Amino acid sequence: MIRLPLVLMFSALLFSAGVYGVLARRNAVMVLMAIELMLNAVNVNLVAFSSSLHQMSGQVFALFIIAVAAAEVGIGLAIVILLFRTRESINVDEVNLLKW
Amino acid sequence: MNIDYHALLPEFILAGTILLVLVVDVFLPERAKWFAMPIGLIGVVGSLAGVLSLIGAGTRESFGGTYVVDEFALLFKGFFLVTAVVVLALSLRYFREGGFYQGEYYFLLLTSFLGCVMMPSSRDLLLLFLALELVSAPGFLMAAFRKGDVKSNEAGVKFFIIGVLSTAVMLFGMSLIYGVTGGATKLAEIGVALDGVSGEMETLAFAAILFVVVGFAFKVSAVPFQFWAPDTYEGSPVPVAAFLAVASSVAGFAGLLQLMFVAFAGQHEFWVPIFAFLSIATMTVGNLVALQQTQVVRLLAYSGIAQSGYILLTFALVTDDAASNRNAFAAAVTYILIYGVMNLGAFAATVAVSRRHPTLGVADFAGLRETAPVIAVGMAVFMISLAGVPPTGGFWGKLLIFQAAIERGGTLGPALAVVMLVNSVASVFYYLVVPRQMFLRDAADPSRLRVPALVTAVVAVAMVTLVAIFVLPNVFARLAEISTLVGLGA
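Respectively, the protein sequence lines represent chains X and Z.
Each residue of the first sequence is one higher than the last, beginning at 1369 in this note's numbering.
Each residue of the second sequence is one higher than the last, beginning at 2 in this note's numbering.
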């Protein structure tokens, strides 16, 4: 049995890695992956609490998050393909036509 | 597990319409694709009839109390469905003449509105998350709907990344709340459970609340999380910008109101300073940047940010006193509804002008008094109302928030009221830029602007509504009074 605080620390680290990825990565697909890391940190949290509290609703919540995350990646990739078609690049730093 | 089918009728009708629009689109020939809009319109009106049939039927619960239809929910559902009618009316000519995929657009738009309609009834973290995603996810695609336009692509990418990021942050907070409260996900249960935590667990609860607030602050474009909004609005098709500025942000506020006034009410000492900061920063930055805008959609975007600041102010007025909380809550609800009317009207006028001037610079509104008099008068009323000057509804909205702030007392309430007053005065300068162009400058092309009848109708109705609210404020104030939220400071 792994102790709950260790799992929570792991998920906090996973979340932070995701935030770092969103901020530091240039490639739009890698940004998508980093956001997936953040969502998975949430899932780890929910499942860990759910098992330590002996209560199911956290796991149900996690299942919904997995389904919604899949839908979001579908939308995200569609938008990235659109971006690639018009600009021949998916570097998010170059998406800077609109400012102030 | 009880399911009250009558209470869910509006959602069922809307969901059925969404599927119908999707299926019918496959069989329509290319020339008749616009037919998806009347089908959607009938469905939305049917759904609105469902909402009206529930008025006075009391509070009704479904799915074990996680989905509640009370007066607060009905008021917002009605508002969202009227907004849906307006956005559909604005979309018809814009999308028919622009060479867009119309069937898909109406499908996505109605799906977003289904999420909006679900939001004020969701009294559970899971349902709040699902409703919020249902609002945002089709919005990402709609923002990028001008497929060949680099600016629209950019709008989609920015909105998507910020939207998903904010959802992830909010979910992390929700997962911590689930743990801290020992497995509560219903908002009322969270409120009770959070009052019982102390010591280290309380610190964790504060962190969780902060995560959730930051997630929602992105959705309602509060400073410092506002940078996506002007870019997304400018790049999107104008009717989509109207949807994002009104329906999507009001849905965010509907969720935030429930979370803050029901679930986290006991921790107000922690989060009131956060909201005070968010509110002051949001209105000040929004107004200051709006002063320098030369593009009307961006101007409306920054004005929307400033207006979010006024609404956030009401959250900073929460105290231990239930009566004063109810005041702040009523002020927030009233202001949100009036804000919706005036902003929809302003976007409708913008849609009308975009037919001749797609770039929508401020100078493109020059001489509108001759080329489209109804639109010009309407736009002037909306701008005056957004600035909070009588004789318009925006004045009462601001007055109510101002009153609630003064009545809260202490140093925070009056201080916030003063900041709001200074901001309102500053905002008059940029709100009057557009009327000055319309009435004091001459158009380069003096021929009549051909405005679709539906758009003119929207402008006229919104204009009359705003003046009527000013003349008969009691009718409107009562609306907010009855909008009691179950579990609101008993």
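There may be inaccurate statements among the hints.
[Stated by the list, open to error] Partial chain X-side listing against chain Z, Cβ under 8 Å, derived:
1) R1394
2) L1414
3) L1431
4) N1459
[Unchecked claim] Each pair of labels, with its calculated beta carbon distance range:
5) X:R1371 / Z:Q404: 45 to 55 Å
6) X:A1385 / Z:A458: 47 to 57 Å
7) X:I1370 / Z:M202: 38 to 48 Å
8) Z:P392 / X:M1398: 20 to 30 Å
9) X:L1465 / Z:R356: 43 to 53 Å
10) X:R1394 / Z:F271: 35 to 45 Å
11) X:A1385 / Z:V193: 33 to 43 Å
FYI, nobody ran anything at the bench for these hints, they're computed from the structure.
Remember, predicted model here, so these are calculated numbers, not experimental data.
The beta carbon of each residue, even a glycine, is placed where N, CA and C say it ideally should be.
A quick look at each hint next to the structure:
1. R1394: Given a least distance of 12 Å, the restraint on R1394 of chain X is violated.
2. L1414: holds, 5 Å
3. L1431: Status violated, d = 10 Å.
4. N1459: violated, 11 Å
5. X:R1371 / Z:Q404: 45 to 55 Å: The hint (45 to 55 Å, Cβ to Cβ) holds, given that R1371 of chain X and Q404 of chain Z are roughly 53 Å apart.
6. X:A1385 / Z:A458: 47 to 57 Å: holds, 53 Å
7. X:I1370 / Z:M202: 38 to 48 Å: Since the Cβ atoms of I1370 of chain X and M202 of chain Z sit about 20 Å apart, the hinted range of 38 to 48 Å is violated.
8. Z:P392 / X:M1398: 20 to 30 Å: violated, 54 Å
9. X:L1465 / Z:R356: 43 to 53 Å: violated, 23 Å
10. X:R1394 / Z:F271: 35 to 45 Å: holds, 37 Å
11. X:A1385 / Z:V193: 33 to 43 Å: holds, 35 Å
Comparing the model with each numbered hint stated earlier shows that hints 1, 3, 4, 7, 8, 9 do not hold.
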